[in-house]
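K.L.:
Here the protein sequences come in this chain order: Z and F. Just so you know, we're using this note's numbering here: the first sequence kicks off at 1 and counts up by one. Just so you know, we're using this note's numbering here: the second sequence kicks off at 1001 and counts up by one.
These are calculated hints, taken from the structure and not from any lab test. Note that the Cβ used here is the ideal one computed from N, Cα and C, for glycine as well. There could be a bad hint or two in this list.
Unchecked claim - Covered stretches of chain Z (in silico footprint by chain F; criterion: 3 or more residues with CB under 8 Å from a CB of chain F, positions within the stretch not fixed):
| hint | stretch |
| --- | --- |
| 1 | 283–289 |
| 2 | 298–304 |
| 3 | 319–333 |
| 4 | 398–412 |
Unchecked claim - Simulated crosslink set (DSS-like; lysine-lysine; CA at most 30 Å straight-line):
| hint | chain 1 | residue 1 | chain 2 | residue 2 |
| --- | --- | --- | --- | --- |
| 5 | Z | K219 | Z | K205 |
| 6 | F | K1335 | Z | K404 |
| 7 | F | K1335 | F | K1124 |
| 8 | Z | K205 | Z | K101 |
| 9 | F | K1242 | F | K1260 |
| 10 | F | K1260 | F | K1216 |
| 11 | F | K1039 | F | K1251 |
| 12 | Z | K101 | F | K1124 |
| 13 | Z | K416 | F | K1065 |
| 14 | F | K1039 | Z | K101 |
| 15 | F | K1102 | F | K1470 |
| 16 | Z | K101 | F | K1216 |
| 17 | F | K1242 | F | K1039 |
| 18 | F | K1039 | F | K1335 |
| 19 | Z | K46 | Z | K359 |
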Amino acid sequence: MNKTAIAVLTGLLALSAQAENLAVVGGYVHTLSEQGSLENATVLIKEGRIQSVGQNLPVPSGYRVIDASGKIVTPGLIGAYTSLGLVEVGSSAGTVDASYKPRDYSPAGAALDVSYAINPDSTLLPVSRIEGFTLAATGMANTQTLFKGRGAVISLGDGDKLIKPGAFMTVSVDNHGADDMGGSRAALWPELENAVQEARSRKGKPLSAAEEWHGSLSKADVNALLAVVSGDMPLIMDARRLADIRQVLAFKARYPDIRVVLLKATEGWRIAAEIAEAGIPVILDPEPNLPYSFDQLGATLANAGRLSEAGVAVSIGVETHNLRLATQHAGNAVANGLPWQDGLAALTINNARLFGIDKEYGSLEAGKVADLVVWSGDPLEVMVAPEHVVIQGEEIVLESRQTKLRDRYLELDQDKPMSYVRP
Amino acid sequence: MKQNSTHRLLVLAAVSAGLLSACGQQAKPEQSALVEIDKDPYPSTYQPLPAQATLITNVTVLDGKGGRLDKGAVLFKDGKIVQVGQSIAAPEGATVIDGEGKWVTPGIIDVHSHLGVYPTPETKSHSDGNEMTNPVTAQVWAEHSIWPQDPGFRRALAGGVTALQILPGSANLVGGRSVTVKNLPDRTIQDMKFPGAPYGLKMACGENPKRVYGDKGGPATRMGNVAGYRQAWADAQDYQEKWEKYRREHKEGKNPTPPKRDLRLETLAGVLDGEILVHMHCYRADDMGTMLDLMKEFDYQIASFQHAVESYKIADRLAENNVCSAMWADWWGFKMEAYDGIRENIPMVHKANACAIVHSDSDLGIQRLNQEAAKALGDGQRAGIDISRAEAWQWLSANPAKSLGIYDQTGSLEPGKNADLVLWSSDPFSTYAQAERVYIDGGLAFDRQDPASWPVQDFELGQPGEGDVK
Chain Z
1 MNKTAIAVLT GLLALSAQAE NLAVVGGYVH TLSEQGSLEN ATVLIKEGRI QSVGQNLPVP
61 SGYRVIDASG KIVTPGLIGA YTSLGLVEVG SSAGTVDASY KPRDYSPAGA ALDVSYAINP
121 DSTLLPVSRI EGFTLAATGM ANTQTLFKGR GAVISLGDGD KLIKPGAFMT VSVDNHGADD
181 MGGSRAALWP ELENAVQEAR SRKGKPLSAA EEWHGSLSKA DVNALLAVVS GDMPLIMDAR
241 RLADIRQVLA FKARYPDIRV VLLKATEGWR IAAEIAEAGI PVILDPEPNL PYSFDQLGAT
301 LANAGRLSEA GVAVSIGVET HNLRLATQHA GNAVANGLPW QDGLAALTIN NARLFGIDKE
361 YGSLEAGKVA DLVVWSGDPL EVMVAPEHVV IQGEEIVLES RQTKLRDRYL ELDQDKPMSY
421 VRP
Chain F
1001 MKQNSTHRLL VLAAVSAGLL SACGQQAKPE QSALVEIDKD PYPSTYQPLP AQATLITNVT
1061 VLDGKGGRLD KGAVLFKDGK IVQVGQSIAA PEGATVIDGE GKWVTPGIID VHSHLGVYPT
1121 PETKSHSDGN EMTNPVTAQV WAEHSIWPQD PGFRRALAGG VTALQILPGS ANLVGGRSVT
1181 VKNLPDRTIQ DMKFPGAPYG LKMACGENPK RVYGDKGGPA TRMGNVAGYR QAWADAQDYQ
1241 EKWEKYRREH KEGKNPTPPK RDLRLETLAG VLDGEILVHM HCYRADDMGT MLDLMKEFDY
1301 QIASFQHAVE SYKIADRLAE NNVCSAMWAD WWGFKMEAYD GIRENIPMVH KANACAIVHS
1361 DSDLGIQRLN QEAAKALGDG QRAGIDISRA EAWQWLSANP AKSLGIYDQT GSLEPGKNAD
1421 LVLWSSDPFS TYAQAERVYI DGGLAFDRQD PASWPVQDFE LGQPGEGDVK
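Next comes chain Z alone, as it looks inside the complex (with noise of 0.2 Å):
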């Protein structure tokens, strides 16, 4: 899919005409941009979109007013890193399209492309929403495959759900990676070097079906690494222990073009400034600490508030089912380190940034799309949750499959069988 599609894709077509006007009144707005956090404020919300955030702002006659007084506004929340949409139930029921097995028209995974495989009726759309993710970045998880392919952001409303196909590549150059490839890096690496260099040798040019090709990649994953090598579309790399982060900081010298991101960067922590340096952010679960495998040694809560402290911009949000556990892992980041605005961005503004979305997504500005959560206190805070969650415009439902099954279990003592009991 060319730009100018995507364009569309994330624009206009996203948004329901038929939404209605909203007044949030009177929260403490977290805008994510150049307005700042502003005490008693009001958003208007226009058609799909945001109108304006401020101070004493009145209220159009239409508008329907949220009352949002001692509660807190922010963006919608971005999942960073998930499978939403790819995978109800992991294991041992069924198909999950998270998971692929090598077959000769993708050898190296990168031509796999989510965006076909999204199943918008996934509870656990819903399950999220309901916790102020609005948003959320998904792609494979198991492929065993050099590239794991082409991932997709994807809204949580009630609208399109696609939002940005070909939104990013992932790419593993930890253990796991070096596993699949072989059982070294010293292949690993090889044959990604090799990957872009064939792409490279394209310049921008796609491979048609007719045309001699004597690389050793698919032409399919061919053309779709054109995007990466061009820097249109961002490449994951999951690096955890230092030397292989190293690896990923001299692939971005070699490759300034390539629009690099790490994941996880466990230690990162240690040359926290030489990440800044490179401008590559680091999407990342602030809470494992434990030394799982022999490139995770230095593993700390304190990560995520060390890359922050040297510049490194820091997403959090790496889940599926739980994705709505974010805030909490976020909020201990904070605990340990991160300043809460850049907890806060770390769900939002960061996340939006990191996949292009940021015209569009990731604060509360005039024109952008109207993603906004008025919560009863701070987000961070585990005993806290949201009490509206507006997407393209639209306030949803707080409601799921799980508080379907809470409302008809809270009274156990019944006169019929429970699948009677119609909550």
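Go by the hints and put chain F onto chain Z.
P.N.:
Showing chain F alone in chain Z's frame:
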């Protein structure tokens, strides 16, 4: 102790035989000494840390059994709680800590951990938690797998965990014995065993056993699982009777041959004798319903269902049957039997007056069990279930201690109990609260303010990040 009493019995038998012949009475066939099984062959060698008399004042106290004191005080000395009150005079020589803005709670007890049996680093060489060679392996003991150098113990300590139950995994119908330990690992596993704690037995319902054994001769179905438990209990009853007959005949003066020891049946019979507590991995409400009848059929008690993702569907029956549920706050969906997980499970079980426990089953979750309780509390409150913080702390210490059979020693802040407690930097139902000081038997096991004092496991010495914030 058991060794000693067995020896004493042997001596007594020899002496009485000698007396009888000295009196010149008719010689009876000589009776062999009664064979008794030592029930504690790997006894605890736990030594508490040096303890200083300590008074924490001006602090919010949750006593762990539902009570709360604002601006209260806690005094402990010689490893025991001395007093909990509004205002306590400092005894001479006591360390006095001003707890302004801070909270004190009993230490957290995690009833579901695999630390040491599935330690980090997670190498294959360290994978010692599931004896996947037979569906019923009651003969194996988790303590014989535990690696006390697991860095996870020290991480859990920083989260306020003072005691934990370590279980075998859930691959088998009967996985083996669990063990309760103090969170103070030392050179051998015996050094951390909780003195006087009864053994547990790990059992498992549902998907895991049938997945593991479906292609290995079964069970391949849930009905196969149940047939497996029933046969195991029937065999244990038979074994129990053989030993009862042996003891009865010996008491009658006969000279019976003791039954051949069967380690598998010995553990199962220990459950039927009420000496070993059953902790059963079970997700679905219907699976738990079947287990409630199974325990009646063979006359034993299930102490707890572990994971118990659907306990909210049968909380009333769990209360009637006096079975605890050890639960996560919000894990769900990773397999079919976890698909109906809801965030209000814990408060809904509590509301039905059933015993609710927050557990981890995770080397990360165990570091933040207070946050798991907080999430459950918040979700319950939003669903209209009115529970206080003080009541909710029962999920973390009193109820776990009861289910492990150690509530007479720990699990609440009461005079005479072990001084297992945590001083939190703020309200422990907040994401930002941290365990500042963790005391086990009155000894300061963790002091966040003093990095030089932090324990470092052998594995982490000489590695990147040694002694760092974790």
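K.L.:
Work down the list of hints and note, for each, if the structure agrees.
P.N.:
Now the hints, each set against the structure:
no. : hint                 : result
1   : 283–289              : holds (count 3)
2   : 298–304              : holds (count 5)
3   : 319–333              : holds (count 7)
4   : 398–412              : holds (count 7)
5   : K219(Z) to K205(Z)   : holds, 12 Å
6   : K1335(F) to K404(Z)  : holds, 20 Å
7   : K1335(F) to K1124(F) : holds, 24 Å
8   : K205(Z) to K101(Z)   : holds, 28 Å
9   : K1242(F) to K1260(F) : holds, 10 Å
10  : K1260(F) to K1216(F) : holds, 29 Å
11  : K1039(F) to K1251(F) : holds, 20 Å
12  : K101(Z) to K1124(F)  : holds, 24 Å
13  : K416(Z) to K1065(F)  : violated, 36 Å
14  : K1039(F) to K101(Z)  : violated, 51 Å
15  : K1102(F) to K1470(F) : holds, 22 Å
16  : K101(Z) to K1216(F)  : holds, 25 Å
17  : K1242(F) to K1039(F) : holds, 18 Å
18  : K1039(F) to K1335(F) : violated, 38 Å
19  : K46(Z) to K359(Z)    : holds, 17 Å
Of the hints listed earlier, those the structure fails to meet are numbers 13, 14, 18, in rising order.
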